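Participant: For reference, the chains in residue letters:
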Amino acid sequence: MLKKINLKNKTALVTGAGKGLGKACAIALAEAGAKVIILSRTKSDLIKVSKIIKKTKGSSQLFVCDVTNLDDLKKVLRKISRLDILVNNAGNNRPQHFTKVSQENMEYLTNLNMKAAFHVAQLCSQKMVKAKNRKKIGGSIIHMSSQLGRVGCEGRNVYNMNKFGVEGLSRGMACELAPYNIRVNTICPTFVETPMVKKFFKNKKFKNEMLKNIPLGRVAKESDVATAVAFLAADSSEMITGTSLLVDGGWTAQ
Amino acid sequence: MGIFLKDINLKGKTALITGATKGLGRGAAIAIAEAGGNVIAIGRNQMELNTLKKEIKKFKVNYVSFNCDVNNYNRIKSFISKLKKLDILVNNAGTNIPEPFLNVKKSSMETLLNVNTKAVFNVAQLCANQIIKLKRKSGSIINISSIFGLVAGQKRTVYSMTKFSVEGLTKGMALDLAKYNIRVNSVCPNIVLTPRTKKYFANKKYNKYVKDNTPINKVVTVSDVATSITFLASEAASMITGTSIVIDGGWTAK
Chain P
1 MLKKINLKNK TALVTGAGKG LGKACAIALA EAGAKVIILS RTKSDLIKVS KIIKKTKGSS
61 QLFVCDVTNL DDLKKVLRKI SRLDILVNNA GNNRPQHFTK VSQENMEYLT NLNMKAAFHV
121 AQLCSQKMVK AKNRKKIGGS IIHMSSQLGR VGCEGRNVYN MNKFGVEGLS RGMACELAPY
181 NIRVNTICPT FVETPMVKKF FKNKKFKNEM LKNIPLGRVA KESDVATAVA FLAADSSEMI
241 TGTSLLVDGG WTAQ
Chain S
1001 MGIFLKDINL KGKTALITGA TKGLGRGAAI AIAEAGGNVI AIGRNQMELN TLKKEIKKFK
1061 VNYVSFNCDV NNYNRIKSFI SKLKKLDILV NNAGTNIPEP FLNVKKSSME TLLNVNTKAV
1121 FNVAQLCANQ IIKLKRKSGS IINISSIFGL VAGQKRTVYS MTKFSVEGLT KGMALDLAKY
1181 NIRVNSVCPN IVLTPRTKKY FANKKYNKYV KDNTPINKVV TVSDVATSIT FLASEAASMI
1241 TGTSIVIDGG WTAK
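Protein chains in written order, with the numbering used here: chain P, 1 to 254; chain S, 1001 to 1254.
Same shape as in the complex, but just chain P (with noise of 0.2 Å):
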């Protein structure tokens, strides 16, 4: 009755593996049994990943990409043969306040999580929906959304559109690629304890506020949002598509 989480044969690209989340997901990936591809722009941190992976007993491979190069992506996608499932990681947020969002940050940041999202999104669907029994063993895209793909935040308009824009995506996606049995959901968390946020809640007042909105009173460890990605990437979760699982401590309840 219970279906097991477990990757065994499964092969899964993550993007933005070297740290953070990514980091995260390719080894929990891993350990559920996927065969890894691990992309980063640094190559020390995807060394880091890959001999922690190697010594949980998987297997990984590293590439060194920067996303938001269309030509790098896909000499990437070419070197790979096969792909089952995408986790679409990479992303990043520079806060800000609306009426002094520097046009800079803006296209950075939409550039990075919305265009670099989709090229690497239809790149590895592209993989994907080639193999001959897709439909037979399915396949599974989570984006790394947020908490603020579902609701708005003080400072963080240009995060909101793009978070956003990646659920709209998403479902999308999902309509179109189920004839391929491949499902697309994406993953919304609140503050995880990443490099990423630590950097933010320096700020003590500020860390104080967003705790205020977690009702668990607590922010997300990194194993909380990969268990829940490597639940969306196996069958544990084959008839979950066009989704979200939000994994919020109950921020966008209230």
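Keep in mind the hints are simulated off the structure, nothing from the lab. Remember, it's a predicted structure, so these values are computed and weren't measured experimentally. A virtual CB, placed ideally from N, CA and C, is assigned to each residue, including glycine. Hints may be right or wrong, so weigh each one.
Calculated pairs, EDC-like style, for lysine to aspartate or glutamate (alpha carbon to alpha carbon, straight line, at most 20 Å) [to be verified]:
1) Lys55/P / Asp72/P
2) Lys1218/S / Asp235/P
3) Lys1218/S / Glu176/P
4) Lys55/P / Glu1235/S
5) Lys221/P / Glu1235/S
6) Lys135/P / Asp1212/S
7) Lys1022/S / Glu1034/S
8) Lys212/P / Asp1176/S
9) Lys127/P / Glu209/P
10) Lys4/P / Glu1034/S
11) Lys1179/S / Glu209/P
12) Lys57/P / Asp1007/S
13) Lys1011/S / Asp1069/S
14) Lys8/P / Asp1007/S
15) Lys1211/S / Glu176/P
A few chain S residues that face chain P, going by a derived Cβ cut-off under 10 Å, partial list only [what the hints assert, rightly or not]:
16) Phe1066
17) Asn1067
18) Lys1171
19) Phe1231
20) Ser1238
21) Gly1242
Cβ pair distances, simulated, as ranges [claimed, not checked]:
22) Phe201/P / Ser1107/S: 55 to 65 Å
23) Gln1046/S / Phe201/P: 54 to 64 Å
24) Arg94/P / Leu1102/S: 46 to 56 Å
Following the hints, complete the assembly by docking chain S onto the known chain P.
Facilitator: Coordinates of chain S only, in the frame set by chain P:
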């Protein structure tokens, strides 16, 4: 438990399941036992409660059953308030009487409201109070909702009214119970093939209606839903509260 991947493990936990003898409730009871959890089954058919015992005992966990109608508040209250162990509630008992809005009988409306909304509230309140009284470190309540808790369907006005109400209740409970580390979520399945829905699927027009509305070309199984319930019940979902897992093959993404 890996570095980032948490197991779906319920060893040492005790789960109460209403409507446990058939369909989703039975599936949830078996999946929970499979994950190592003890089962308290509430149902109205003694023979089926006895049959379930045999299945649950295979997994070497404790099994207690109580033959009771969830509408019988006094009997349910007296049973739940005497429980010595309780960590999880699968608030499943529910029913449906499909009728076009203009012809909904007063008696069907009242039956559905009593079972799907009032009894769901009462059982949830009694269990939450008991989990708090027993000073458990954490708890998880899973209300069985439906895609008709998110969207409408033909001849399902009353069902939608009751399931939308369960969605609201879930979010409200999540906020009130967060300080006790009791998480509250719902699962929203598409129409699952169960003994109750079998007669609907026998109708060709209905079968086509379900297929045409489900992008992933499969019917949701009891096991699909039971797996999500067990995931939410476990610490693998320890930051998930006040939300829903939608298991609908993309029905509501359109």
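Participant: Determine which of the earlier numbered hints do not hold for this structure and return their numbers in increasing order.
Facilitator: Those not satisfied are hints 1, 4, 9, 13, 16 and 17.
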